[in-house]
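Protein chains in written order, with the working numbering: chain A, 1 to 105; chain B, 1 to 123.
Check the hints yourself; a few may be wrong.
[Stated by the list, open to error] Taking lysine-lysine pairs in the DSSO-like style, the calculated list, with each CA pair at most 27 Å apart, reads: (1) K101/B to K41/A; (2) K63/B to K12/B; (3) K101/B to K38/A; (4) K63/B to K23/B; (5) K12/B to K23/B; (6) K101/B to K63/B; (7) K41/A to K63/B; (8) K105/A to K38/A; (9) K41/A to K12/B; (10) K41/A to K105/A; (11) K101/A to K12/B; (12) K101/B to K23/B; (13) K23/B to K41/A; (14) K101/A to K38/A; (15) K23/B to K101/A; (16) K41/A to K101/A; (17) K63/B to K38/A.
Just so you know, the hints here were simulated from the structure itself, not pulled from any lab data.
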Amino acid sequence: IQLTQSPSSLSASIGDRVTITCRASQTISTYLNWYQQKPRKAPRVLIYAASNLQSEIPSRFSGSGSGTEFNLTISSLQPEDFATYYCQQSYHVRTFGQGTKVEIK
Amino acid sequence: QVQLVQSGAEVKSPGASVRISCKASGYRFTDFAIHWVRQAPGQGLEWVGWTNPAIGDATYSQKFQGRVTFRSDTSATTVDMELSSLTFEDTATFYCTRDAKVVGASENWFEPWGQGTLVTVSS
């Protein structure tokens, strides 16, 4: 199963609403997770099973979608949110999207 | 607390093999699958494979099949990854990570992660 994220990178300002899309090559129900990774750090899960917020993750992060199209939304971008975001499926073995780098405008 | 601690950085020559260790603590070791993920410098995350420590079986990504082996030691609560026939393209950070839900559960995700082990392939 291939996952395609869009965009590959984006520039945004503090307070902006940001949406990242992940498309699967076949239906994966809601077996889709989102991770954030900062330089030289291990990834951390933000959203699991498409729309469930991991504990201790700020509520400005949300996930939606099912089947083949999924979104990660940051409602109001904060300085600590500049990072790379990955989607990942667990429907059949595991694969990651190629990542979306969120940069400061 | 649940924790995964990996062995230190390695420098290897092309054609050699490398073994990385992942020590688990804070939970029942045999209840959760362990996965390995590769990240080349400046690149994305790439799933290598996973193992069920309870029975020692493993599933590998096609890309690494034939070159990678996972071994579990239930008494030491460790999972080792051995990667052979190293090339310069294997220079990367390797992470071990655990499924958040027990083996056999649906809709799993990775939590927690080890700190990463840098493997440098250099002549």
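Hint by hint, here is what the structure shows:
Restraint check: the Cα-Cα separation between K101/B and K41/A comes to about 23 Å, which is no more than 27 Å; the hinted pair holds. Restraint check for K63/B and K12/B: satisfied, since their Cα atoms lie roughly 20 Å apart, inside the 27 Å limit. A C-alpha spacing of about 25 Å is found between K101/B and K38/A, which places the hinted pair at or below 27 Å, so the restraint holds. Distance restraint check for K63/B and K23/B: the Cα-Cα separation of roughly 25 Å lies within the 27 Å cut-off, and the hinted pair is therefore satisfied.
Taking the CA atoms of K12/B and K23/B, the gap is about 22 Å. The hint holds against a cut of 27 Å. For the hint pairing K101/B with K63/B, the CA-to-CA distance comes to about 26 Å; that is within 27 Å, so the pair holds. For the given pair, K41/A sits about 24 Å from K63/B by alpha-carbon distance, which is consistent with the 27 Å threshold. Simply put, K105/A and K38/A have alpha-carbon atoms about 17 Å apart, close enough for the 27 Å limit, and the pair holds.
With a C-alpha separation of about 23 Å, the suggested pair K41/A and K12/B falls inside the 27 Å cut-off, and the hint holds. Note on K41/A and K105/A: the hinted pairing holds, with a Cα-Cα distance of about 23 Å set against a maximum of 27 Å. For a cut-off of 27 Å, the pair hint linking K101/A to K12/B is broken: about 31 Å separates their Cα positions. Taking the CA atoms of K101/B and K23/B, the gap is near 18 Å; set against the 27 Å cutoff, the hint holds.
Distance check on the hinted pair: K23/B and K41/A sit about 18 Å apart at the alpha-carbon level, within 27 Å; holds. A C-alpha spacing of about 10 Å is found between K101/A and K38/A, which places the hinted pair at or below 27 Å, so the restraint holds. Only pairs whose Cα atoms come within 27 Å are accepted, and K23/B paired with K101/A is rejected, the gap being roughly 31 Å. Distance hint between K41/A and K101/A is fulfilled; the C-alpha atoms sit about 15 Å from each other, no more than 27 Å.
Using a Cα cut-off of 27 Å, the hinted pair K63/B and K38/A holds, with the two alpha carbons roughly 26 Å apart.
Figure legend: structure checked against the earlier numbered hints; hints not met, in rising order: 11 and 15.
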